[in-house]
Amino acid sequence: MNFDYSDEQKFLKEEARKFLAAKCGADRVRAVLEGDHAYDAELWREVAAQGWLGAAIPEAHGGLGLGHVELCAIAEELGRACAPIPFASTVYFVAEALMRFGSEAQQAKWLPKIAAGEVIGAFATSEGPGPVGAVKTRVTGGKLTGTKIPVTDGDVADLIVALADDGLYLVERGEGVVAEALSTLDPTRSAAKLTFTDAPAERLGDEGGHTAMQAVFDRAAVLLAFEQLGGADRCLEMAKDYALQRHAFGRVIAGYQAIKHKLADIYVKNEVARSNAYYGAWALNSGAAELPLAAAIARVAASEAFWFAAKENIQTHGGVGFTWEYDCHLFYRRSRQLALVAGAPAEWRERLVGQLETRNAA
Amino acid sequence: MNFDYSDEQKFLKEEARKFLAAKCGADRVRAVLEGDHAYDAELWREVAAQGWLGAAIPEAHGGLGLGHVELCAIAEELGRACAPIPFASTVYFVAEALMRFGSEAQQAKWLPKIAAGEVIGAFATSEGPGPVGAVKTRVTGGKLTGTKIPVTDGDVADLIVALADDGLYLVERGEGVVAEALSTLDPTRSAAKLTFTDAPAERLGDEGGHTAMQAVFDRAAVLLAFEQLGGADRCLEMAKDYALQRHAFGRVIAGYQAIKHKLADIYVKNEVARSNAYYGAWALNSGAAELPLAAAIARVAASEAFWFAAKENIQTHGGVGFTWEYDCHLFYRRSRQLALVAGAPAEWRERLVGQLETRNAA
Amino acid sequence: MDFEDTPEEAEYRAKARTWLENNVAAHERERFPDPLTRARAWQARKTEAGYACITWPKEWGGGGGTPIQSVIFGQEEAKFPSVQAGYFTIGLGMCVPTVMGFADDATKQRFVRPAVRGDEIWSQLFSEPAGGSDVAAIRTRAVRDGDDWIVNGQKVWTSGAHYSDYGIVLVRTNTEVPKHKGLTMFWIDLKSPGIDIRPIHQMSGKSDFNEVYFSDVRVPDAQRLGPVDGGWKVALFTLMNERLAVGGATGVGPADILKLARELPGSDGPLLHDRAFRERLADWWVLAEGLRNTRMRAITALSRGQTPGPESSIGKIIAANQLQQIGNAAIEAEGQFGIIDDPDLAPMKGAFHDAVMWAPGLRIAGGTDEILKNIIAERVLGLPGEIRTDKDVAFKDLPAGG
Amino acid sequence: MDFEDTPEEAEYRAKARTWLENNVAAHERERFPDPLTRARAWQARKTEAGYACITWPKEWGGGGGTPIQSVIFGQEEAKFPSVQAGYFTIGLGMCVPTVMGFADDATKQRFVRPAVRGDEIWSQLFSEPAGGSDVAAIRTRAVRDGDDWIVNGQKVWTSGAHYSDYGIVLVRTNTEVPKHKGLTMFWIDLKSPGIDIRPIHQMSGKSDFNEVYFSDVRVPDAQRLGPVDGGWKVALFTLMNERLAVGGATGVGPADILKLARELPGSDGPLLHDRAFRERLADWWVLAEGLRNTRMRAITALSRGQTPGPESSIGKIIAANQLQQIGNAAIEAEGQFGIIDDPDLAPMKGAFHDAVMWAPGLRIAGGTDEILKNIIAERVLGLPGEIRTDKDVAFKDLPAGG
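Chains as they are written, first to last, in full-length UniProt numbering: chain Z, 1 to 362; chain U, 1 to 362; chain B, 1 to 402; chain C, 1 to 402.
The following block holds chain Z by itself, in its conformation from the complex (with noise of 0.2 Å):
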């Protein structure tokens, strides 16, 4: 029994952090979110450089072949520097779709391109507003014909993984794809409306659509966690720092119990997600069955606690987390990206009850 990071992850995680603290300060992030850009692109050549795109991509296929906890290491230090790449699209989705669906052959042409940075992926799966359900979109004769709206990094993916009425199907970008970029609650993070028609088509896997789908989510659920912890983390940080430095009545604001027992429950809903998180990371790395509760588990306490520490945060800065120049709002809109991306918290807390029913019935 070991419930923690191994010394070596440990490095890892420190190692990124600092690589992170150096390459994407808070600057690199107001560009994205002030710029044209809809992403990081030098940052983006840098994580790939590092190797993090293929931490968990086997070494047979161009990655460091070390496993998902190592991932979700990485994945915590993103969340904490917001990073604003389309990493999560390209690894936790569209790497982790092929890993689980794909033929080898299939895995063999994408997975080193991913591993290198060379290929942007998305995975494609909203139609409107609500929960996925029918889906419109359908494939006849290996081409693709349908609406996604919205695809985060749809506007600069390369490959898309797509839902369709009968199961996944792997997009390239061209012929019979459209992206509209759209304005969205957390412009670091870039999502488009993707139009297909008759786009060439590649079915991944034979799962059907939900089911697939849901196989994928699953796996992304408990990489975002670890994102969404990262983020809350920094958010309690922030609000610490401040709180210890910012005087009102002729002492500082740390010291008055409403702010302290406010960042009590911050942290205590962070280690609520952060030890349900690791829970989530085991069942990943080890295939657990346990896997889809663990995900929603660790999914529904990352969300929660991301959103809480995120607004909590805003208001022990008062006045000034309220202004664009301080950064407490770049974490409250990511906590808002991220709790969506893979589906909305509610969607996640019947999956849980679901998987209850099942497992007790069984």
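The set of hints was computed from the structure by calculation and includes no laboratory data.
Incorrect hints may appear among the rest.
Stated by the list, open to error - Sample of chain C residues facing chain Z (criterion: CB under 10 Å; computed from the structure): (1) M1; (2) E11; (3) V177; (4) A301; (5) E370; (6) L372.
Just so you know, even glycine gets a beta-carbon here, dropped at the ideal spot from N, CA and C.
Given chain Z, put chains U, B and C in place with the hints provided.
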């Protein structure tokens, strides 16, 4: 527009408070809690002598004919005193049922006796765990057969309004009625299992079962909300008084922000409950069409406020609040009794939204 | 307990409604170069009819009416979205009453009527970067120079400074005494040399507030409101009026998300069929009704000549948090789509997204949740104040930030 | 991150399981006059096999094992409900470690082994009526009399004092110094003349705690643990162990209410089909799993020779509040029937009702929610302590209540 008690109503309320302070101290509540009696018979007689039982009963039927706002004022004070008498069953449920559904003959027969304190009533609806669903109790040839559990004050009731599958019936204690007292969370209010075997029953009104029950519940809900509000106010007062004299770390605990904000939170909930109870009182008193919605709003707010105030009052007291000797638990118990006696808060939330749907659809 | 109008109230309401129907229509037919000019024209129309500052004496341009009449007119006016404008709220709700309470007669003669008519707009300049919740921690300095004072420093969170003509400003005139005792209030001309007004960029990207910089701004002593070093009491007078001015509609509410839920797909049928959603909706409804009915109680108190107390603080605590919850619940209910804030695509033209981005500010502006709970605890419940380490210390000797 | 046993751990677990299967069966065949005697017999059995106080040295009666082995044995033992008994938790978790840390060798030789075997039971006597959260506000006085001390005063919330043999007691030996500096710790024989133990009647009607009155109780100075007036540090040592001793199962949990919800009718089919209930259940499950996994992290820290820190405080905050919520949710879900607490009628023999009546105590015992949040804020996050007005004041000069 006048959204407060009138000066006369305030006077009545103050007199009621003084009366109960003198006649219904915690010692009297504890006598019922710890003793063998189902209720405080002496207090019951005294309350009857005050005319409170008939506050809203027309003068023609032996009441004071004051109106429902006056009855609300009395209910608020009874709640504050945690009065151990069958007031709610007799007045909010049975007298209201008679006034709403009773024939002139039924009203003339029973209301004067209720107003005089000669008859204790009980409203028998539940047949087991969960919301009142399909009703098994049946009436054939004027004889009612079925089992009701629990029936608040069923062990001491002279007149029972019982829900059968086709509507409400009046049943007198005696022939075909067996009562077994039950152990409950709040021994200051008695309850029983009633077994009816061919008990003579008289139809009350012609509304169908659930509709009629709900009409009575709506009226009772408003009156109960005032009892709950009175209890919640008393809890806030107890918590405040204790916090102002209890020292920890060299100063009174009322000076700690965690306690200050806890009491502020109780205050906020109580004020929401008060304002919504007033709205309910207006709807009940004026016979407004909004009554079902206003009753649901008042009941949800009051149930939430009393529960929160009762549990955080214990918490504010610390260890002693958890002892038998301190009075905190009297209100904690009563908060549960009042929250359940007309159906649980979840059922009222559902009713509230159902009313919104109906209203907006219209 | 009565929601109905008395016959007199009903008559006033009917008159107001008729006036509104006629005048809003006439007002809508006119053309204006910008929203502010439009708002001024409407305010002037109301003033002429006695519907501006209804409770103020007629001699000052008010309506000479009762608080209940003011409420009734407000209820009726609220039914005409085309004439809603907040340009005058702070000036007429907080600043001008302070001028009326503390200025000499000539000043009142000069300024009150133009403010009521909307010809001149007033701002309130109290908050500072180092202040925040601790309003008295003011560092903007005023130094006596003959008959004038020279003001230097910075104010923040000033709503509407960019379109305002005048302001009331709280400054430090003495650093040798504890911080509440060295403050003085002035009214100032915001066009004075040395005043620089810059918009604050909010987290939403919008700018509703300003920073106001003072560099050697000369203010005549005649513009002083109240005694030298006696400004704190004047400020408390102003802030007491704030709670009455703030409140009311703040964005999306339970009725909006109810509407959304009728159409939005949930996990099984429309969201409105989802009992988890219904339960939350019920709780929001209970709180919103609680606020509405609490306001009715405050109006009753007003109509009886009582001043609604600090208990009105409950309104903003509930409203701001509820706004954040409802906004967020709506975008979460939209699933992945919820991230899209384009008003052409998002439900209700992005109003739920606006709520998510504005609510954090509403939880802070005009008193944070935490300060409001302190106010309830101390002023309503009578619990002890916070331990103050700054009460008897000269301002200049306080730790950083005041 | 690995939930699986290492080969060594798996071997230990297999051995423990076999031992338990054999010995629980044997133990169950024996007849005992009362539960305490039964529990003592089981504790003695474990001691002989090295399964009592597994991490303590063998020379003291312990098992000479590792923290992980202790956890593994605990997990396996938990599967046998017939041998669950809390009689020794406080003594072995808090009191005897304090004796081991501060007593002389002869005392340790005399007391540790009998305590491990369950022959003698220990209580902790710190809390006082005026103390509560403020543990150091102790008024029980010990006055020196030759080689002895004479103790007078009252302790409260003493678990198990009525069946205990010995106790550690914190008393005031100096009122001229600030309150933390005038305390001294002793071990005492609870059968000493002048000690009167009375059960506390809890709000539930049950009595799990006692008041202990001291009237001229003579305690030899040789029974002192640590220096005169140096008892606060000894107490902190004891309390540090409290957080490790407390925690774990406390009553009904999410799995219990899930079971109830399968059978209980809701508004439309069984309660488990109600999405409002499902959403709450999910949140409870997330918290319960969070606690379980947090304990796993603490065990990992233990196994690496680290001491789990004050972050374990999160356990009780969550568990106690969740207990109250689940208990109450269950009785509310029962509707009117929920008021019935008769174990023959209420679901799960009234366990949900027990939760409602016990949870308020759990939120207070061993540190209130508020104190635990302070601990997290101060010791984990490093935020400032509360402003103390009592730190430099002689105990005798403090306001009422200490």
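query: If you check each hint against the structure, which ones fail?
result: Numbers 2 and 3 - these are the hints that the structure violates, sorted from lowest upward.
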